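Engineer: Residue numbers (the working numbering), protein chains in the order written: chain L, 1 to 295; chain V, 296 to 617; chain H, 618 to 1020.
These are computed hints drawn from the structure, not numbers from a lab. Remember, it's a predicted structure, so these values are computed and weren't measured experimentally. Some hints here could point you the wrong way.
Unchecked claim - No more than 30 Å apart at the CA atoms, straight line, and that leaves these computed lysine-lysine pairs for DSS-like:
(1) H:778 - H:854
(2) H:885 - H:984
(3) H:1019 - V:381
(4) H:902 - H:941
(5) V:381 - H:752
(6) H:735 - H:935
(7) V:492 - L:286
(8) H:735 - H:947
(9) H:685 - H:735
(10) H:735 - V:381
(11) H:682 - H:735
(12) H:811 - H:836
(13) V:381 - H:712
(14) H:838 - H:815
(15) H:902 - H:685
Here is how the chains run, residue by residue.
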Amino acid sequence: MSTIFGVPTQALFGQLLIGLINGSFYAILSLGLSVIFGLLNIINFAHGAQYMLGAFAAYFLLQWAGLGYWWALLLAPIVIGLFGIGLERTMLKRLYELDHLYGLLLTFGLALIIQGLFRNEFGSSGLPYSIPSQLTGGLNLGFMFLPNYRAWVIVFSLFVCLGTWYVIERTKLGSYLRAATENPVLVQAFGINVPRMITLTYGFGVGLAALAGVLAAPIYQVSPLMGADMIIVVFAVVVIGGMGSIMGSIVTGFALGIIEGLTKFFYPEASNTVIFVIMALVLLIKPAGLFGRER
Amino acid sequence: MALVKDSAEAPALPLTPQHQYVAFAIMVLFFVAAPFFVYPLFLMKALCFALFACAFNLLIGYVGLLSFGHAAYLGSAGYLTAHAAKVWGWPPELAIVTGTATAALLGLIIGALAIRRQGIYFAMITLALAQMIYFFCLQAPFTHGEDGIQAVPRGVLLGVLDLRSTITMYFVVLAVFLGGFLLIYRTIHSPFGQVLKAIRENEPRAVSLGYTADHYKLLAFVLSATLSGLAGSTKALVFQLASLTDVHWSMSGEVVLMTLLGGLGTVFGPVVGAVIVVSLENYLAQLGAWVTVVQGIIFVFCVLTFRRGVVGELGRFIGKSL
Amino acid sequence: MMRKTLIALAVLLALGAQPAQAQISDGVIKIGVLNDQSGLYADLAGPGSVVAARMAVEDFGAAAKGMKVEVLSADHQNKADVGSAIARQWYDVDKVDVIVDVPNSGVALAVSQITRDKGKAFIVSSAATSDLTGKSCSPNTVHWTYDTWALANGTGNAIVKTGGDTWFFITADYAFGHALERDTEAVVLKKGGKVLGKVRHPLSTQDFSSFILQAQASKAKIIGLANAGADTTNAIKQGAEFGIVKGGQNFAGLLVFLTDVHALGLDKAQGLLFTETFYWDMNDKTRAFAKRFAERNRGIHPTMIHAGAYAGVLHYLKAVEALKSDDGTKVIAKMKEIPTDDPLFGKGTIRADGRKIHPAYLIEVKKPSESKYAWDYYKIRTTIPANEAFRPIDQGDCPLVKK
Chain L
1 MSTIFGVPTQ ALFGQLLIGL INGSFYAILS LGLSVIFGLL NIINFAHGAQ
51 YMLGAFAAYF LLQWAGLGYW WALLLAPIVI GLFGIGLERT MLKRLYELDH
101 LYGLLLTFGL ALIIQGLFRN EFGSSGLPYS IPSQLTGGLN LGFMFLPNYR
151 AWVIVFSLFV CLGTWYVIER TKLGSYLRAA TENPVLVQAF GINVPRMITL
201 TYGFGVGLAA LAGVLAAPIY QVSPLMGADM IIVVFAVVVI GGMGSIMGSI
251 VTGFALGIIE GLTKFFYPEA SNTVIFVIMA LVLLIKPAGL FGRER
Chain V
296 MALVKDSAEA PALPLTPQHQ YVAFAIMVLF FVAAPFFVYP LFLMKALCFA
346 LFACAFNLLI GYVGLLSFGH AAYLGSAGYL TAHAAKVWGW PPELAIVTGT
396 ATAALLGLII GALAIRRQGI YFAMITLALA QMIYFFCLQA PFTHGEDGIQ
446 AVPRGVLLGV LDLRSTITMY FVVLAVFLGG FLLIYRTIHS PFGQVLKAIR
496 ENEPRAVSLG YTADHYKLLA FVLSATLSGL AGSTKALVFQ LASLTDVHWS
546 MSGEVVLMTL LGGLGTVFGP VVGAVIVVSL ENYLAQLGAW VTVVQGIIFV
596 FCVLTFRRGV VGELGRFIGK SL
Chain H
618 MMRKTLIALA VLLALGAQPA QAQISDGVIK IGVLNDQSGL YADLAGPGSV
668 VAARMAVEDF GAAAKGMKVE VLSADHQNKA DVGSAIARQW YDVDKVDVIV
718 DVPNSGVALA VSQITRDKGK AFIVSSAATS DLTGKSCSPN TVHWTYDTWA
768 LANGTGNAIV KTGGDTWFFI TADYAFGHAL ERDTEAVVLK KGGKVLGKVR
818 HPLSTQDFSS FILQAQASKA KIIGLANAGA DTTNAIKQGA EFGIVKGGQN
868 FAGLLVFLTD VHALGLDKAQ GLLFTETFYW DMNDKTRAFA KRFAERNRGI
918 HPTMIHAGAY AGVLHYLKAV EALKSDDGTK VIAKMKEIPT DDPLFGKGTI
968 RADGRKIHPA YLIEVKKPSE SKYAWDYYKI RTTIPANEAF RPIDQGDCPL
1018 VKK
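If we strip away everything but chain L, and leave its shape as in the complex, we get (with noise of 0.2 Å):
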């Protein structure tokens, strides 16, 4: 058994591709956050409910529905995704002309409200959800056994956030999304449609949240509480990449994930603060965070 700096490679390995997984999920989940800040000024607190209901839902299209896993990929996004629309338009629409402490208050509370409702109806300790048949087994690497399907969660998700990246960053919708955030007023001045750009904008970045739920609900058991203590890490991936940095999300979700992998493996009494630590660091250098822009 090799070993380096004395301890197993391994196991380094195989947390090392625990962390590339966990970090997909933050990459997604920061993605979503990162485009509604930079489009809304929003911290979208409900995204962790958010991914909690796309989870639901990929559970209820299988039982109610019976279908299955590749539907719920495309069809939580998009249910959840419309209920996202509806809030923004019910309620988040009315707070844009104040404070955006207030969005961030409203959308705790709504966070409260659907973890309180599922919690009540299901308890906490979890429904299961099964891995879709296609993607059972694992592949023996040698110095891990990888379940297949968490090799597709990281394949999946470098595509959902490339593919998210090079719209926002590369097509010509993506620069009316950009240039609406720098000054909408003289956007919609060239006729184009802001508010509904923005509440496009939300619905898009809850049906990440919901995808990256249904993403999770094979590994993570679908549970109401599941978003609760991630939307926290999620909160501190946007700050480190930067708030409103598409690119710098990604790169940031995937990189620390692997930094708490790391940890897992060297000082596992770690793991859960290390990624608050190098927040505390990033903000003390570059507090507009690594790849943020100062605004």
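Use these hints to put chains V and H onto chain L, whose structure you have.
Structural biologist: Using the frame of chain L, we list chains V and H on its own:
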């Protein structure tokens, strides 16, 4: 745009308004009489949270900074006090001082880091740093993680007052609360408080007038953290328990709720908000997770249509500031 | 201005005054079932324990004997502060005489202390830590059903005997997990086995992948799960995902309940070895109880926790009847005086340290092909006689035990 708009909405604060004396007297009377009608442990909980909310309000109502990690001070003070009283065997007054000092120190460190940013960034930083404190408390052996520090002895205060008697404990807690409340009141209605308001309204202008805004903000932050710690320390002795619940971010959310519901930036708002929220939790306790739902609904309702909070609306109704 | 403050005052008084109005005079025996109603221990105890307690009250025939008995319940959410607050309020305000159940050893220890301070009674049918009859024993507490020592002794011994001599522990990071790990480790080491590593996880962990990886890397033959409820089932499920069994390792569920096996399904749970003190399908009396219980509990059959709640309440009521008083300390003393006899655990006794003594059973989960009807999950491999099942009374450091 600050969370609390001053001039146009509510009348300017004269330094010692008559009606506030009256409101204060009513509050004191209420709390002095209450333990003879209402379960004292419940009241003590309300008082500790009222102090916590007032301390929190100092920061958001008067400096305009939303800290989303105030539980860190409440909880860590509680742990240190519990540890001092149980493991080191210190008398309650020293235990409380230990806890409060811990909170002050934490406030200094976190404040120094967080003050560099404003608005949402400030909130996020305080949240994440508080989460770090949570995980530290989860891991540190002296906190006993999930079990918490249990069977904390209440001891004898100043060698004279036996705190094991519920009524004695109650009046001590009341005294602590009133002390903290008056300290906050004095702070607000002082030149220091005026500078804070100036900074909240227009920081660049305050700076241009020669005030080092960061120092003032940090001082207010530390004061807020210290008094939150005082609340936490007292609570640990009241319940004879220090647990993870008090450092969890949902506790930070609760204090925001109390202050928002009571009225941001009002003097008595946080007290009213704390009493209402604690009562609600007590009532709805048998309904389990409905408490969270109701809290969420109150949040949404307050943010959308009830931004001034109970006392804020009350004050507007009677045309005076409360 | 006066009007507004008067209204405010009235509102506040009304809101705050409610807790004190619930004062009910004695003459009623109030039983409070305190447990986790919505979290990871909700199925193995939860609402089922309340059903069991009520059944005990009915079967005791309280009404016919002219005794008024009420059963309350509350959710402690696995938090020591919530549990303590409820216990205090129940004792101080609601005049509850005895608290029953309380899974989660951290909460149980807190409630035991409060019960002692207030001179009431506490019947623990759920929590596991052997400290409740060890260094934290109390004259007001009876520990029914099982404890970490019994589990460690039964399961640990049996597994090491069959060749599982290298262990890796995945432990829930609180009083129960630590106690279970400590007691099992002692047994393994005594039998000549080795513990190759340990890792602690927070309560209610969703993702065990990192811990499973560490367990795999240790190459221990047995991965001991010093946790319970959903934590155990999640670990086993994810272990299957990572090919633990294919890789030649085996899980030892140190605390597994009927409801866990039901949640996992026999295909994943088959072959699991663990210790319990009750199984619904052991004899006619237990089967009869299970049938009645399942009808009132949405078809879910009773776990040993539910059985313990039933038997504990039954014996408590017998003691109260004999004593004609519900003074906590005295009733507990009486419960130790009277030998126990109930349809679920048979005949037994309660020792001076509060430990209820009855036989334990080593269980193996059936293969799917061996199960003939619903809830037919267990094979009883061995019966551990009552006098061997629990820690000897002089080894617990209980101050109540005269040396």
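Engineer: None of the hints should be skipped; say for each whether it holds.
Structural biologist: Structure-based check of all given hints:
Annotation: proposed proximity of residue 778 of chain H to residue 854 of chain H holds, straight-line Cα distance about 26 Å (limit 30 Å). Note on residue 885 of chain H and residue 984 of chain H: the hinted pairing holds, with a Cα-Cα distance of about 9 Å set against a maximum of 30 Å. Simply put, residue 1019 of chain H and residue 381 of chain V have alpha-carbon atoms about 27 Å apart, close enough for the 30 Å limit, and the pair holds. For the given pair, residue 902 of chain H sits about 29 Å from residue 941 of chain H by alpha-carbon distance, which is consistent with the 30 Å threshold.
About 17 Å separates the Cα atoms of residue 381 of chain V and residue 752 of chain H, which keeps this hinted pair within 30 Å; it holds. Distance hint between residue 735 of chain H and residue 935 of chain H is fulfilled; the C-alpha atoms sit about 22 Å from each other, no more than 30 Å. Note on residue 492 of chain V and residue 286 of chain L: the hinted pairing holds, with a Cα-Cα distance of about 29 Å set against a maximum of 30 Å. Taking the CA atoms of residue 735 of chain H and residue 947 of chain H, the gap is near 13 Å; set against the 30 Å cutoff, the hint holds.
Annotation: proposed proximity of residue 685 of chain H to residue 735 of chain H holds, straight-line Cα distance about 22 Å (limit 30 Å). The straight-line distance between the Cα atoms of residue 735 of chain H and residue 381 of chain V is roughly 20 Å, inside the 30 Å bound, and the hint therefore holds. Restraint check: the Cα-Cα separation between residue 682 of chain H and residue 735 of chain H comes to about 28 Å, which is no more than 30 Å; the hinted pair holds. About 12 Å separates the Cα atoms of residue 811 of chain H and residue 836 of chain H, which keeps this hinted pair within 30 Å; it holds.
A C-alpha spacing of about 29 Å is found between residue 381 of chain V and residue 712 of chain H, which places the hinted pair at or below 30 Å, so the restraint holds. The straight-line distance between the Cα atoms of residue 838 of chain H and residue 815 of chain H is roughly 14 Å, inside the 30 Å bound, and the hint therefore holds. At roughly 27 Å between alpha-carbon atoms, residue 902 of chain H and residue 685 of chain H fall within 30 Å of each other, so this suggested pair holds.
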